[in-house]
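Student: Protein chains in written order, with my numbering: chain A, 1 to 518; chain B, 1 to 446.
Hints are not guaranteed to be accurate.
What the hints assert, rightly or not - Only some residues are given here: those of chain A computed to face chain B with a beta carbon under 10 Å:
(1) HIS6
(2) VAL10
(3) LEU14
Said to hold, decoys possible - Not close to chain A: a few residues of chain B, all C-beta gaps over 10 Å, as computed:
(4) THR2
(5) ARG119
(6) GLU143
(7) GLY193
(8) SER194
(9) SER292
Source of the hints: derived by calculation from the structure; they are not laboratory data. Note that this is a predicted model, so its numbers are computed, not measured. Quick reminder that beta carbons are idealized off the backbone N, C-alpha and C, glycines included.
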Amino acid sequence: MAQPYHVTFVEKELARRRRSWFRRLARLIGLAIIVAFLFAFCAVAKIGGATILSRTPVFDDERQHFLHASIGSEPSSGIPYVLWQALPVLFPEHFAHRKDYAAFGFQYEEDEHGKTDLPVGISRRPQLGIDLVWFNCAACHAGTYRMSDQDAPVLVAGMPSNNFDLHRFITFFLEASTSSQLAPGEVFDAAAASGNRLDLLDKLIWRVFVLPRVREGLVATREALRPLLDRQPDWGIGRVDTFNPYKTGQMNMDPNGLSDEEVIGASDFPSIFLQQPREGMKLHWDGNNKSLAERNLSASLGAGVTPDTVDHYNLERVARWLGGLTPPKSPHTPPADAVERGRNHYMMLCADCHGYQGNDGYVFEGIYLGEVQDIYDIRTDVRRLNSYMIEFNERQLSELFAGTPYQFKQFEKTNGYANMPLDGLWLRGPYLHNGSVPTLADLLLEPHLRPSAFLRGSDVVDGEKGGFRSPDCPSDTPVNDGFCYDTTLPGNGNGGHEYGTGLNAAARADLLAYLLTF
Amino acid sequence: MTDPIFTALKFRNLTVKNRVFRSNISGRFDNEDGSLTQTRINWETKFAKGGVGAVISSYVPVMMEGRIIANYATIHRDDFIPLWRKLGESVRAHGSKFILQLSHSGRQMDLPGATNQARQTLSSTNSYEPLHGFPTRAMSTGEIAQTVRAFARGAWRAREAELDGVELHAANGYLFTQFLSSGINDRTDQYGGSLRNRARFLLEVIAAIRAQVGHDYHLQVKLSAVDRNNVIPWEGKGNTLADTVKVAKWCEAAGADGLHISTGSLFPHPMNPPGDLPLETLATTYDAMISSGVHGFRNFLFFRYPMLRPLFNWLWFRIKGDRRNEGISLDECRAINEAVSIPVINTGGFQTASFVRNALETGALDGVSIARALVANNDLVKHWFAGSEQPPRPCTYCNKCLLNAPKNPMGCYEESRFDSREQMLEELMSIYETRGDLRIPARAAE
Numbered sequence: 001m002a003q004p005y006h007v008t009f010v011e012k013e014l015a016r017r018r019r020s021w022f023r024r025l026a027r028l029i030g031l032a033i034i035v036a037f038l039f040a041f042c043a044v045a046k047i048g049g050a051t052i053l054s055r056t057p058v059f060d061d062e063r064q065h066f067l068h069a070s071i072g073s074e075p076s077s078g079i080p081y082v083l084w085q086a087l088p089v090l091f092p093e094h095f096a097h098r099k100d101y102a103a104f105g106f107q108y109e110e111d112e113h114g115k116t117d118l119p120v121g122i123s124r125r126p127q128l129g130i131d132l133v134w135f136n137c138a139a140c141h142a143g144t145y146r147m148s149d150q151d152a153p154v155l156v157a158g159m160p161s162n163n164f165d166l167h168r169f170i171t172f173f174l175e176a177s178t179s180s181q182l183a184p185g186e187v188f189d190a191a192a193a194s195g196n197r198l199d200l201l202d203k204l205i206w207r208v209f210v211l212p213r214v215r216e217g218l219v220a221t222r223e224a225l226r227p228l229l230d231r232q233p234d235w236g237i238g239r240v241d242t243f244n245p246y247k248t249g250q251m252n253m254d255p256n257g258l259s260d261e262e263v264i265g266a267s268d269f270p271s272i273f274l275q276q277p278r279e280g281m282k283l284h285w286d287g288n289n290k291s292l293a294e295r296n297l298s299a300s301l302g303a304g305v306t307p308d309t310v311d312h313y314n315l316e317r318v319a320r321w322l323g324g325l326t327p328p329k330s331p332h333t334p335p336a337d338a339v340e341r342g343r344n345h346y347m348m349l350c351a352d353c354h355g356y357q358g359n360d361g362y363v364f365e366g367i368y369l370g371e372v373q374d375i376y377d378i379r380t381d382v383r384r385l386n387s388y389m390i391e392f393n394e395r396q397l398s399e400l401f402a403g404t405p406y407q408f409k410q411f412e413k414t415n416g417y418a419n420m421p422l423d424g425l426w427l428r429g430p431y432l433h434n435g436s437v438p439t440l441a442d443l444l445l446e447p448h449l450r451p452s453a454f455l456r457g458s459d460v461v462d463g464e465k466g467g468f469r470s471p472d473c474p475s476d477t478p479v480n481d482g483f484c485y486d487t488t489l490p491g492n493g494n495g496g497h498e499y500g501t502g503l504n505a506a507a508r509a510d511l512l513a514y515l516l517t518f
Numbered sequence: 001m002t003d004p005i006f007t008a009l010k011f012r013n014l015t016v017k018n019r020v021f022r023s024n025i026s027g028r029f030d031n032e033d034g035s036l037t038q039t040r041i042n043w044e045t046k047f048a049k050g051g052v053g054a055v056i057s058s059y060v061p062v063m064m065e066g067r068i069i070a071n072y073a074t075i076h077r078d079d080f081i082p083l084w085r086k087l088g089e090s091v092r093a094h095g096s097k098f099i100l101q102l103s104h105s106g107r108q109m110d111l112p113g114a115t116n117q118a119r120q121t122l123s124s125t126n127s128y129e130p131l132h133g134f135p136t137r138a139m140s141t142g143e144i145a146q147t148v149r150a151f152a153r154g155a156w157r158a159r160e161a162e163l164d165g166v167e168l169h170a171a172n173g174y175l176f177t178q179f180l181s182s183g184i185n186d187r188t189d190q191y192g193g194s195l196r197n198r199a200r201f202l203l204e205v206i207a208a209i210r211a212q213v214g215h216d217y218h219l220q221v222k223l224s225a226v227d228r229n230n231v232i233p234w235e236g237k238g239n240t241l242a243d244t245v246k247v248a249k250w251c252e253a254a255g256a257d258g259l260h261i262s263t264g265s266l267f268p269h270p271m272n273p274p275g276d277l278p279l280e281t282l283a284t285t286y287d288a289m290i291s292s293g294v295h296g297f298r299n300f301l302f303f304r305y306p307m308l309r310p311l312f313n314w315l316w317f318r319i320k321g322d323r324r325n326e327g328i329s330l331d332e333c334r335a336i337n338e339a340v341s342i343p344v345i346n347t348g349g350f351q352t353a354s355f356v357r358n359a360l361e362t363g364a365l366d367g368v369s370i371a372r373a374l375v376a377n378n379d380l381v382k383h384w385f386a387g388s389e390q391p392p393r394p395c396t397y398c399n400k401c402l403l404n405a406p407k408n409p410m411g412c413y414e415e416s417r418f419d420s421r422e423q424m425l426e427e428l429m430s431i432y433e434t435r436g437d438l439r440i441p442a443r444a445a446e
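Given these sequences and hints, build the entire structure.
Tutor: Okay, structure coming up:
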């Protein structure tokens, strides 16, 4: 090829420099294209691969499905699995310096590999290549019992989560949202320390996308919940305020616009055994819905799903299983004659409202079973009833799942609390909707004789009084283990439901003996 | 009492009638092959007519590879000797001496012309000239030796032409400066490194000239007292006054008869010639140099667009600061004069009689060399002799003469000094009255 002709040396030099610059530019562009391609390839491979290869875990076993499968809360409310694992490293003081979430009352099972990495009630679902984790039904509806302090806890699916301190868990996240510990460098170090070392591409994605989004989500949640929580007493272990967080979080109601009567609604996690016989009964503590499907969907919203993210298939599979889930047989063995005498008292005083325990299981029969008992009759604490507002009810019906086959139709405002079947009663202490009475024996006492402050959080069965061991506690002194429940605080009242309190002591003992067989 | 300005200056081999030298300045008067023209004779002679003691020729290359600008007369060929002889005769006819300035541009080649445009210029270094980006190649030792011989032959031709002496242009950024300056010379051989090594090329030339023309022929050396090479801020500062004092002593020891002190390691330099730098003028003339260097177009943009001019002005004038224009390097010259025993002349804005007189009386210098003030007033010396401090229309130091040099005839372009533009043009054109004998080229043999 002929050499180009240059009139002067300067022209030749300028041409050489132009060529050189062009080559450099071409090299830079080429390099940029290659890097961009590699980055895109890696990103696509990572996201696509993670999406394809890391689907939401599927469980053949129905119980495992209930305990660990996703119902769709992760995309809307969850945090990345890597961050979940790193948080105990980042905030050891909140985790009792453990590497897991037991400090919040989460339960871990053993599998063939040892202790599972995620606790019961926490499920996993990939979203845009990032594994996210958050609640499923079992977070609030799986608990443990022990017959003595020395026994290992036995996990029971469907019983109230008597260990889970949801209030403290939420409070921790609200505090963490503004902590410098969530800076990328700190998180990456903690992730590595918890066995999830991020590569360079991951770190880049986390810096520009994942962590800012997590932070923004947490801060937004904090903005919505903090003013509400500031107006409420600590819920305590095994309890949740079902509707108030929904008002401020999802419906953007002003927490300061809620009246004192409406702003507190903490109550016990309910048991969810044997759901099928409950179809048509007034469900929820206040009986505001008689549709199991709607109740289930509503409860899943409380777990963090949204109408857009809910996994209907998994949720309905859970519902089908819960339909026939029987509680474990009561371990109590009261004297048979006392049980028999007690049964008579029960049939007269209680069965119309609650059904009864038959020889072959629980009998869901009673003329008032599943109906709402007016608050003027039952006279238990009214806060939970009042927290379900007419305005909230209207917005539930008009907004949630609107335009879909799942749109709510059955919710209604009631004026009392529903009469619940008492299957699995031995696992459902403390008692009443707000868990204000520690044992069955105490429930048969007149309200002023019931404990005014007692310890919640134990899973050791109380063989004499029914429920779990709940020693009295000074409400004004912090306790090391468990939560001191103060019945004098708003929403914690232990009055009402005085049925059977008029019996003499012997009759109450007989009635208790019968109740212990539930 | 005798006026020191009009006292003869005696060098070892030359006596000049007064203390005023026309410093080297020229236009593109000559032929492309380096032969001088009647225009040059007219140019140099008019200063002799004006009464200067000696005319130092403009820059005269000893090799075609060392031209700053094409169309400058050279002394690289023996057949040019008669032409130079004629020039010498013309100057001497008015009682002045003519000193031919032997030069080599090195990398400071403003307009390479047809001869040099297709090659890199030779220098001490491979680094391109920083301001314009003139392409450069470091000389081999063989090329240095060849250049030394070229200077010696140039001096011999000057003597053969019966000129009164020669001056080595070792100042202002040309080839000798490129060897002398620590800010430019990056060689690692015997011509680089220490000051003595950097001065080796100049001292070899002096020795070669003495060997060629003997010790009875006038030889003076023009040096920059201080380099101030960092006009482009990242360039090294170059030689200090102490360095130049040493070099001056070595020149004297090597056989120089006189020294001519200037300043700055490139030309033009913010301190040489001292004064203004009207970028609006450069915007109309620098286009002639755009293709000479790889930075030419960049520079032109700075001159062309007023918005960019402040940046260049800052770059340029930060070096000079508030120094006066007249006698800008006088103090440095004084230091050198005190260190040597040969006469020392100084250039740098002189045009006030009392100032020059005082400089002479205080021993700062032995003579002054003047370019722009004489271009403005060819008869400056006569004004002084008549007792005037300055001519009625002194040089304004505008430097428009300098900035027009690459493109237009050499002369004063400061219109305020003339009654009209026509008068200015008439003055510019006055040197072209060649009236030479024209002849018809011979016919080729058939």
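Student: Confirm or reject each hint.
Tutor: Consistency of the hints with the structure:
The criterion of a C-beta within 10 Å of any C-beta in chain B is met by HIS6 of chain A, whose closest approach is roughly 8 Å, and the hint holds. Because the closest C-beta pair between VAL10 of chain A and chain B is about 6 Å apart, less than 10 Å, the hint holds. The closest approach between the C-beta of LEU14 of chain A and any C-beta of chain B is roughly 6 Å, which is under the 10 Å cut-off, so the hint is satisfied. THR2 of chain B, annotated as away from the interface, keeps every beta carbon of chain A farther than 10 Å; the closest lies near 54 Å.
At roughly 6 Å, the least C-beta separation between ARG119 of chain B and chain A is not larger than 10 Å, which violates its mark as non-interface. At roughly 17 Å from the closest C-beta of chain A, the C-beta of GLU143 of chain B stays outside 10 Å, upholding its exclusion from the interface. Every beta carbon of chain A lies more than 10 Å from that of GLY193 of chain B, the smallest distance being close to 28 Å; the non-interface claim holds. Residue placement check: SER194 of chain B keeps its beta carbon more than 10 Å from all beta carbons of chain A (closest about 32 Å).
At the 10 Å boundary, the C-beta of SER292 of chain B falls inside the reach of chain A, the nearest C-beta of that chain being 6 Å off.
Of the numbered hints stated above, those contradicted by the structure are hints 5 and 9, listed in ascending order.
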